[in-house]
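Listed in order, the protein sequences are those of chains A and B.
Numbering-wise (this note's numbering), the first sequence opens with residue 6 and increments by one.
Numbering-wise (this note's numbering), the second sequence opens with residue 6 and increments by one.
Just so you know, the hints here were simulated from the structure itself, not pulled from any lab data.
Do not rely on the hints blindly, as some may be mistaken.
[Stated by the list, open to error] Which residues of chain A face chain B? A partial, calculated answer using Cβ under 10 Å:
(1) Ala34
(2) Leu61
(3) Lys114
(4) Pro138
(5) Leu192
(6) Ala300
(7) Asp369
(8) His400
This structure is a prediction, so every number in the text was calculated from the model and none was measured.
Cβ coordinates follow ideal geometry from the N, Cα and C atoms, glycine included.
Number of protein chains: 2
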Amino acid sequence: MAKINENYDKLAAGYLFPEITKRTKAFQAANPGVQIYRLGIGNTTEPLPPSIIAGLKLGVEKLANVGTYSGYGDEQGDERLRKAIAEKHYGRYGLSIDPLEVFVSDGAKCDAANIQQIFGLDNVVAVQDPAYPVYVDTNVASGRTGTFDKEKGVYDELFYMPCIEENEFMPNTPCDPSKPAGWKADLIYLCSPNNPTGAVMTRGKLRKFVNYARLAESVIIFDAAYSEFIKDSSFPKTIYEIEGAKECAIEIQSFSKSAGFTGVRLGWSVVPKSVMGGKANALWNRRSTTFFNGASNIVQEGGLAALTDQGRFECNQVIDYYMGNAEIIRKGLDAKGIRHFGGTNAPFIWMQTPGKMKSWDFFDKILNEAHVVCTPGAGFGPSGEGYVRLSSFGHKENIKKAVDSVVNNLKI
Amino acid sequence: MAKINENYDKLAAGYLFPEITKRTKAFQAANPGVQIYRLGIGNTTEPLPPSIIAGLKLGVEKLANVGTYSGYGDEQGDERLRKAIAEKHYGRYGLSIDPLEVFVSDGAKCDAANIQQIFGLDNVVAVQDPAYPVYVDTNVASGRTGTFDKEKGVYDELFYMPCIEENEFMPNTPCDPSKPAGWKADLIYLCSPNNPTGAVMTRGKLRKFVNYARLAESVIIFDAAYSEFIKDSSFPKTIYEIEGAKECAIEIQSFSKSAGFTGVRLGWSVVPKSVMGGKANALWNRRSTTFFNGASNIVQEGGLAALTDQGRFECNQVIDYYMGNAEIIRKGLDAKGIRHFGGTNAPFIWMQTPGKMKSWDFFDKILNEAHVVCTPGAGFGPSGEGYVRLSSFGHKENIKKAVDSVVNNLKI
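Next up, chain A with everything else stripped away, as it sits in the complex (with noise of 0.2 Å):
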């Protein structure tokens, strides 16, 4: 008799945004007519640019013609690719990241989900809190994290980080003074900027994860798929800006956000041959070709695009224009005495609930207040509870809408 993976089971709820998308729907169905402005997902609005139009274009008319056709690429992704993003990507910041240690995938999330595999069942994982859910899941999935503690909102054998305005939003790294020895983190995700606090992590505090990464022979896996939002070039945009970092950290990084490639699918993995004296490397590089066939060949030509002088100015515009959207979110925030964090080197803003409010309770409000839609911050993890995330991605003139429907109809 077949049975299923009861690690699914251990899943605390549905996913975040389906309960949004729920609550939302009936919400509507109740209100018909109402003008509803979405806050919530963190879902690219704007068109592409036109290099990267014609870049995507090229790849379609290649297939057109039987000289330039292709079927099967690299598991890893193109060669031109793999070098375009060390050369373009990490060149910039005068790193060398050889093409070998970077994979091509069909996006970021699949990457943070999939990652996990190929490190055993032992491993203990320590996560931001609050944090973005695959992380958490896909951990849960697999059978590292034990069972949900309902009342404390926790897996029980997961490591939680953290954090809070006390820490200004960036964890301490994993020690639990509490455990005999110490209770230590094989493997730590972090995510900068992060989703959802917006927070960036600063140089020096980066440098003390890396320090204990190497001491305690962890891996860091650092998801950067916000860091084309930094403005403020004190901050790392690459994990491996840090001395160190090359031996410890995988790097999971994004077309999606930083070309408006959300629905496109297009992101990569830099796992360093001096991981664990190159297992990680060898392992994902068998991972990917056993799970994995290669990420869409017309699509890798519009990365090709994105990754040009030309597609990263044209890209980097758009960037700007979400960025005005957050500002114009936090204005409206200042206004109305709501205290907020992130969305100044990230797209998404970081909003105290008035009176430190259940988040999901004020989903509600807001909602039927202001007719906004947002994310409530417990969905990312207990220490979530008492904030919303909002997304500066949307069309400006909806986010001004929103704005204002906040300002003149919240009641707080």
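Dock chain B against chain A, hints included.
Quick look at chain B alone, frame taken from chain A:
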């Protein structure tokens, strides 16, 4: 200290195709200027037909305009495409598939690799022998197969279903009378038309598997990636043509070979709600939303075009072209007096090595004498020994030259 997933150490050898590449490169280096004919990897070579190119271009153009741009889509796939798959693909067999049972992916390889994740580690897995290596390797990496017995060339805890001349390369249902109460399989991978043998399961044979699975409460994972090559309508093109299959079978499908999407990347799985009382559908849905972020929106537009009447007509012309190649190969082998199977309702020809020579030895022989690259049967499982796989994917002029070279130069 971070620990790796030690199941990867159990993988018998490098993936088959890298070894072929290595030997071919060594031959090329030793014999510069010699023209090599590749009948190895089953990779499409002919350009995409006009209606698909138009669909893909539409997908790109939509992203250039603010009114038609789209970001994240449903992880399960664009509803229009899921409906088209249900209505256009399954509808023509008079089958009723709910679009909520259809999950669009970036290709059948990924689905074939990932589907095992929704099942527990305590399931007994049965595979055809020979079979597409992905079924075996992904179960090895997940820890379901035990260790590799080098002498026998098998994994201790994997159930092999031999596909040999005596059973017309169609496996028998997995029962082991040597074990107490008969060892039964919980998860059964079937591929028809089979890769590598090119054998197509008859209705009668497939009915036996469905009956077995219903009785044993097993789940069949049916890979139908090559179904469009079936020209003889007496063979089932989908497992759902068999009564009761919707209670026990998951079907995996692909646009790779049917529409030339090997590099474009698009496939789907059908997970009926009636399998395991709905659990399989619910878990695959949860897995898709957690580990995946949808297939590329551009590529899905191409898939929609492939499912129109005109798209199918054009794709079938390309399939006929490849099947013409298969005929050239079969006739060449006949002229040479070499025994072979498959290649009439499948793109693969399963060639018996002269004198039942070891398949890797014959690989070297045909490469050295006729300059033809084939795929050694042993790479697909122990029952593949004594055979090689020839692929009909290629330009017709190259296929003709390859066959001429075999006829004129191979010494048997």
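Hint-by-hint comparison with the structure:
| no. | hint | result |
| --- | --- | --- |
| 1 | Ala34 | violated, 19 Å |
| 2 | Leu61 | holds, 4 Å |
| 3 | Lys114 | holds, 4 Å |
| 4 | Pro138 | holds, 8 Å |
| 5 | Leu192 | holds, 6 Å |
| 6 | Ala300 | holds, 7 Å |
| 7 | Asp369 | violated, 23 Å |
| 8 | His400 | holds, 8 Å |
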